[in-house]
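> Here the protein sequences line up with chains A and B, keeping their order.
Residue numbers for the first sequence follow the numbering used here, beginning at 738 and rising by one.
Residue numbers for the second sequence follow the numbering used here, beginning at 83 and rising by one.
Derived from the structure by calculation, the hints contain no laboratory data.
Be aware that one or more of the hints could be misleading.
Facing chain A, a subset of chain B residues (Cβ under 8 angstroms, in silico) [unchecked claim]:
| hint | residue |
| --- | --- |
| 1 | N90 |
| 2 | Q111 |
| 3 | A116 |
| 4 | I144 |
| 5 | L307 |
| 6 | A314 |
C-beta: ideal position from N, C-alpha, C; glycine also.
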Amino acid sequence: MSKRKLLLLSVCVAAVIMVLVVAGTKVLVVFENAYRTPVETVQLDRTPAMQGEADALAAAAEEQRTRPLEELGVPLKDVEYRAFPVIGSRVAVWSIAQLHLLFAAFVLAVPIFALIIEFIGYVTKDKRYDELAYEFTKLLSVSFSLTAALGAALTFALIILYPRFTDYLMHVFSLTFLPYALLFFAEAGFLYTYYYGWGKFSPKVHLALGIGLNLVGTAIMLIANAWLTFMTTPRGVSEAGALISTWDAVNNYMWMPINIHRFIANVAFGGSIAAAYAAFKFLHADSEEERAHYDWMGYVGNFIAIVAFLPLPFAGYYLAAEIYAFSQTMGLTMMGGAFSWLFIIQAVLIGCLFIGANLYLWLGMGRIEGAQRYRGYIKYLLVVIALCFAVWATPRSPITTPAEMREMGGSFHPILGKLGVMSAKNTAVNLLILTTFLSFIIYRRSGLTPVVSWAKTGKAAQLLVFIAVAGYVTYLGILGYFVDTTVRIGLSVPQVLSVLFALFSVTVIDIFLFRGARTIGETRWGTMPAISQYILIFIAVTFTWLMALMGYVRSGLRQHWHVYGVIRDTSPDAFTPTLGFATKVVSVNVLVFFGLIGFVFWLASLSGKKDWEDPEGSVS
Amino acid sequence: MKIPPSVNIVVLAVAATAFYTLVGQLVPQKEVPAPEVMEISKDISTEEMIEIGKEIAQGKGICLTCHTIGRSGALRFPDLEGIGTRAASRIPGLNGVQYLVQSLYEPDAYVVEGFNPGMPTINKAPIGLTDDEILTVIAYMQSLGGSPSVTMETKHAYNGGGEEGVSGAADASGEGPAAAALETAALSGDSLFKSYGCAECHSIAPPAAGEAPPPRSLHDVGTRLDHNAILATILDPDNIPTLSESKAQEKKAAMEAAGVYGKATLDEIQAIVEFLAAPRGGE
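So that you can see chain A by itself, here it is in the shape it has in the complex (with noise of 0.2 angstroms):
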């Protein structure tokens, strides 16, 4: 067997083991030593007596297994709070838990699409990908470090300042500690041999450790997320808290919407990050080459960013319905109680982003030769998305004073106001998104021209689902304001699916449609202005904030509980603060990450500078 062979075959039996550790852990460690009663292996004919010892001591068993901890005797912290000076416990670690998962979400995101271009790379034989994947891998290493940083800062904290409710957590989830922790080391090797065996195995080993890298990342996060979504749709408990069952806590209502959800917009945020990173390098590059290098990073970075944003809102819809399904409560007290106007923020947000991400693809089309033709298009996409904008942006009930509102006949505008229920809200998200995607197939095409038989049948094909799906959508929109509540609420879904059939289709028949086509213009990468960079970092600035800000809302959405139901937060800090407090939290996060992020990037780029030389030129 060859050495290549050997080495790839060593790697997946370690990555087989490391699954088997982990997952035996729990069954080999916590489950067979933990007490119970002996399991008899003779029947007896038990007396009365018997019988009542037995049930006795399996009564006892049993008591031990569901009662809180405090009933145990087990001696839970006498202090149940303790203040961080200045700006509070909450926003300590608010600012903590944030600044984690920002870096988190990067640090998750980024292999998923190394891998991905390193593998586009090996398949096409093309050097670049791999350069390329290798330049958003060295962004990893300080992230990771950052990353684990703060995650013991932000045990500390929640040990420090909130010992009994950590306390409880940690009662209830005692069971994903250790695979926590053994997954973490093996995250951390999985990294460390991705990163620095770059290009010292094989191909097909490197590509294994990745594979290994990101199954290792997703299951921390799975773990992880069943914390903190417990404490929103607590399940496995009893209503005073006492576990029933931990794969029941862990598998709560939000859990597998918050997977899927956070897996995507990980991705689209780490993006975002790389892209802004290229942006960076651009803006700073001496040569044309480096700029050639940096345009083509930053656009596959916002590439990356956009493809896996363009689906998060319909990711977002199967969040929203299981918070709804929990309890219709906290769903209303999230889109018409107390957070409705977070949504409102939410939308400027993603408007921004929307408009961001077009803006720069149009602008990506001057450096394409032959991309003239599609400009006259652009000027209705605009006024599609500025519409979509708007709409999405208008609330239910605009900032009024009481003399206006006696004019309007009540807190509802006559005519906004139907611009701000959901059947507007939700078809002007699904139109934004198939324009955005309208815009980037228009790019895709700009430099080529297709020369399949069927070309023109496939365009007008393309056409034709384009304007079904956008007509489908309104009329599916319009009719919400007709029927009654319960069909309205299930109108979305076939809107979404709609929107997806168009994503699929258009795409399938673009791939076909411009297989082999004929280029008419080359991309002359390095050649965009300036301001796309600027774009781009604006992008990655409002794809964290937007985070920061939907990441407050998950949280605040308990209100005043630490466990929604269970555990109620008595701490000077359990009001709800307002929206203006929250977004100003908010952006000193998204600050501080971007200073941290920058002293990233510039460890990133020291590995490209030259080595120090003494200025004397002494040898001694």
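Got chain A sorted already, so can you dock chain B onto it with the hints?
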């Protein structure tokens, strides 16, 4: 003078966050305090009850997060305008107070046609209003198109009124005490224990002096297990350490067939737990 790109980047990042922060300041600012239990005197007037009830409905009761008052069209939840009079005719056999009481304590028992179930049980977490607070909310609801008859002394099936239905309310002697009694009976752990077939396998009668209890007797389960443990064994017989896996499966299947998992509400199971946990001697 050419501004270095790094400075531009910093200015852009700060400007973008400042813009989003500004948007955050432009929307309505409302701080939501954590609700506190209200101490309500027993001798307050009806008007005071209505005032307090309104405050609770708008605040900690979060009724108006979902329900509207005086709106029509495609609504997500029933509008409360006129509920004070409508309540008495919603369910045959239940008077206005009984209907409102049932709607708050057991909201899924009756769902208005055209709407989905989903209202939380008001006396349980996360809302967790006290019985007295709920009486004031009922007074407020009755005031919406009707005349409040409820007082702070009103007793009903859910606040210790027992099987007598509503008492202490001005219209308590009217229609519906029999229905309320039925409602109470439906929640009685004793009857549920029998109706779900538990009694076919388990005895609850204490054994006579000197005699052994029959197999699977639960007469003393309340002294051996607490509420949580009893609940856990009902929800999942695998939690009973003395049962083998196959026996646990048999038990589960029997309970499933009897409708314990498919039909019984959590309140009914809780009622059975309460019944089993009650002391009945016979050690």
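> Could you run down the list of hints and mark each one as holding or not?
Now the hints, each set against the structure:
no. : hint : in the structure
1   : N90  : holds (7 angstroms)
2   : Q111 : holds (4 angstroms)
3   : A116 : holds (4 angstroms)
4   : I144 : holds (6 angstroms)
5   : L307 : holds (5 angstroms)
6   : A314 : holds (5 angstroms)
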